[in-house]
Amino acid sequence: MIREVQPYNGTKTRRASLVAVQCAVLHDRHNLREPEDRRRRRWNYTRLADRFGLSSARVASDYVALGREILSRRDREEI
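Each residue of the sequence shown is one higher than the last, beginning at 45 in my numbering.
Because the hints were derived from the structure by calculation, they are not lab data. Mixed in with the good hints there might be a few duds.
Said to hold, decoys possible - Per label pair, the in silico range of CB-to-CB distance:
#1 Arg120 with Gln66: 19 to 29 angstroms
#2 Arg85 with Leu115: 17 to 27 angstroms
#3 Leu115 with Leu76: 16 to 26 angstroms
In this text the structure is predicted, and so the values were computed from the model without any measurement. C-beta: ideal position from N, C-alpha, C; glycine also.
Please put together the full structure from these sequences, using the hints given.
Here is the structure:
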């Protein structure tokens with residue numbers, strides 16, 4: 045009810061987009077294998093969720109997908 049009365053200033057969407065891009069970059073471009081266990085990657089979905097305060101690994105995977113979409117859109121616009 046309070047949200048219906050208060051005007052939306054658009055900051056949450058921008059913040060979500062930034063987190064999504066950060067998650068995608070870490071997961072896709074900076075995801076080295078763990079030195080102790082070569083089967084594991086450094087930035088799996090669980091660690092991304094912990095790092096960015098997301099509720100679950102599933103939410104982190106959604107953020108990675110959104111970040112990939114944003115980055116691919118940006119790359120298409122530059123061409």
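Hints and how they fare:
Taking 19 to 29 angstroms as the suggested C-beta distance range, the pair Arg120 and Gln66 conforms, at roughly 20 angstroms. Here the CB-CB span from Arg85 to Leu115 is close to 19 angstroms, well matched to the stated 17 to 27 angstroms. Evaluation of the 16 to 26 angstroms hint for Leu115 and Leu76 yields a pass: the beta carbon distance comes to about 20 angstroms.
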